[in-house]
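Visitor: Chains as they are written, first to last, in this note's numbering: chain A, 3 to 126; chain B, -16 to 481; chain C, -8 to 161.
In short, the hints are calculated from the structure, not lab data.
One thing to keep in mind: the hints can contain errors.
Claimed, not checked - Quick list of simulated restraints, FRET-style, between CB atoms:
no., chain 1, residue 1, chain 2, residue 2, range
1, A, V107, B, I139, 51 to 57 Å
2, C, V(-1), A, G24, 44 to 50 Å
3, C, A156, B, K412, 44 to 50 Å
4, A, G39, C, I3, 35 to 41 Å
5, A, V19, B, R130, 49 to 55 Å
6, C, A93, A, G24, 39 to 45 Å
7, A, L106, B, Y46, 38 to 44 Å
To be verified - Facing chain A, according to a computed beta carbon distance under 8 Å, are these residues of chain C, among others:
no., residue
8, L17
9, Q18
10, P21
11, F131
12, L146
Cβ atoms here follow ideal geometry from the backbone N, Cα and C, with glycine treated the same way.
This is what each chain is made of:
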Amino acid sequence: MHLWPLAVYLVIVVMLVVAMLGLSFVLGQRHHNRATGTPYESGILSQGSARVRLSAKFYLVAMFFVIFDLEAVFIFAWAIAVRETGWTGYAEAMGFIAVLLATLVYLWRVGALDWRQGSRRVVA
Amino acid sequence: MHLACILPEVILTLAGVLIMLVDPLLPRTASRKPTGWFSVLAMVAAFAASAWQLHLAPGTAYYGVVQTDAFSVFFHLLICGTVLVALLAAIDSVRPEAHDMGEFFALILLGTVGMLLMTSAVELLLVFIGLEISSISTYILAGFRRRSGKSIEASIKYFLLGSFATAFFLYGIALTFGATGTTRIAAIAAALPHTTTPILAWTAVGLILIGLGFKVSAAPFHVWTPDVYEGAPSPVVALMSTAPKAAAFAVLLRIFYGAYPSIQQHWWSLFWVLAAVSMTLGNLAALRQQSVKRMLAYSSIAHAGYLLVAFTSFSLQGIAAASFYALCYVAMNVGIFAVISHVGGYDDHLWSITDYRGLAYRSPVLCGAMAFFLLSLIGIPFTGGFFAKFYVFSAALQQGMFGLAIIGLINSGIAAFYYLRLLTALYSKPAQGSPVLAVPRMSITLGLAILLSASATLLLGVVPRSSLDLAQRGAGTLFQTGHPAQAAVQVVNDAPSQ
Amino acid sequence: MAFDMYLVIFLIFGALCIAGALNLLLQRHPINSALSLIVVMTSLAVLYLLLGAEFLAAAQVIVYSGAIMVLFTFVIMLLNAGEEERTRGSRAAYLVGFPGVAALLGLLTYIFLSVRMPLGNAQLGGGTLVTTSDLSRVLFRDLLLPFEVTSILILVAILGAVALARKEES
């Protein structure tokens, strides 16, 4: 396995980032006025902190993402060897996916994917 | 044929998924009790399927990943029976109006799948996945009483320490693979004598022991136990203090006698220390407890210690004694927690030993059952607890472990103190002026749960023969994988005459 | 020549990994620490790739650099975690922690150096697990049942997440 392409790629990436940051630093204009630091230079002054409390629902969604992401890893392993494993592999992967599909149906029914406010479903 | 080997697991998985899918379809106000009844039915079916497996020829399935033999069937029956009692105790004592009961029962069923797989797996990766399934479901069940801060605290503590322990176990598997190049138990046993890196194997043994020591709450890995038992709802404690522990003990037996018999001289002393420390620490700490659940938590630590005594005896007898002890322990423990979940209430409004004063005057039947379980925990003859201790200590003495046997006997004496303290409280008159808290009427399901566990405890104490025979058959299959040469030696049965 | 290339890449990413880990510990803002963790995870993925563990590298990127990091940033966002305050640290950490870490490090170094030869010769699965398709063959034949059971594990995890996030009804 030749790793030269990887090394070249790495060097290009680093150079690109350095070039972008460096060029904008060199070429960009600089000014330090009274309102430069505010979020909206010519708009309404923002009020309060940007750190608002977020609903725990975000966390639930992140959790589902992680869990289904793991599923993707397994399916990735199957996709690579889909020809070698043949129909038995297909059946196994279908069994795996079927259980997870049941999970998705459950999540849907229980309202965990529901974003409406005041929804009558039971999940926060 | 393959499917027959995992039939109980398949039944429970299908039932669990079905409950999970049906539950959100039910009207919000509808009672969730039918899902409970359905899970009881599924558990009975799984029990029957396990019993049927006994008639199958012992063998492996799915490319040598699971093994059906007398050992796995013994623990299958034990776990299914225990979970059945816990389910019966839970149906009526958990808040009847709750809408998340479907999930409660689905989690119990799926967790049981994990425990069953742990006992029949002969591939460490499958053992690990089974352990994770059973652990994750118990973490969540422990926090099911979400209004109570204690319950959530219990769940978080259990989760954090539990995942830490699982990581130890996983690391042990990885090092085992490093030493032997395989994760199959029989292959490990075969490859171990020729390994070029014995140090990896020794480290692996230590790490696996730490991980599973946590799961069976053996001291010094026990710190989570009292807090979690106190905070978790009592019906859940009835489950988590019994079935997952029995499964973890089965895994310990399988790994240490199946995979690591050739380095037994390196690990038996670890079990010696673990057993001595668990017995002593558990009993001494239990003496000072005021809360009934905390006391029983420390008592369960001590019982894990008694059970570990059997591991120091490297014989068929030792394995059989350990399996039999696990059976007696789950029978009496699930019973006493079933009583507590009714008397104490779902919110644990009766929790201290003084609260239990005069229970005999309020509910003589429940009190009688509780007294019987306490006597069995002490180890009085004609209860399962007696024979369990008897076999464990005789196995240890046979191996010449006099020191450990003496520590164990002294501990049994200490333990009698705190069990008797609760027992006398039950039968003494309630204190003057204290409000008499009414115990609600016992439901049929709870009565059935208590009846089942009490009769199991009684039968194990009076006619232990048939279950002991099965335990010995199981021990035989386990011993063969690790020690083909010695398996031919027939072990003389020394059950005392009644 | 190719060997040198391996060594160079190993050194670059090993250094990057350690630098990321140190930065993770020294940063005061949780989000900076989380971003350093991505550096650590990704460099680890490259190291796995160097060892020939393609699948592990891919899984590392998908699961750790992707999903786990998303979870981290979500938690930081949800908790509104601000800048940490610097404390002197507990005395126990200095008295027990540092010597403990040093002892553990010494022990591990000793073990690895003393049994380096046998460790290097350890046969891992007969040396057949090289590419992802080899791994898939093992996963879909020898480990068929554990693979299917994993789906139950995932299911239990989801049930648990929902059960914990449920609204408590009055």
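Visitor: None of the hints should be skipped; say for each whether it holds.
Guide: Do the hints match the structure? See the list:
no., hint, verdict
1, V107/A <-> I139/B: 51 to 57 Å, "violated (29 Å)"
2, V(-1)/C <-> G24/A: 44 to 50 Å, "violated (25 Å)"
3, A156/C <-> K412/B: 44 to 50 Å, "holds (48 Å)"
4, G39/A <-> I3/C: 35 to 41 Å, "holds (37 Å)"
5, V19/A <-> R130/B: 49 to 55 Å, "holds (52 Å)"
6, A93/C <-> G24/A: 39 to 45 Å, "holds (42 Å)"
7, L106/A <-> Y46/B: 38 to 44 Å, "violated (29 Å)"
8, L17, "violated (22 Å)"
9, Q18, "violated (18 Å)"
10, P21, "violated (12 Å)"
11, F131, "holds (4 Å)"
12, L146, "holds (5 Å)"
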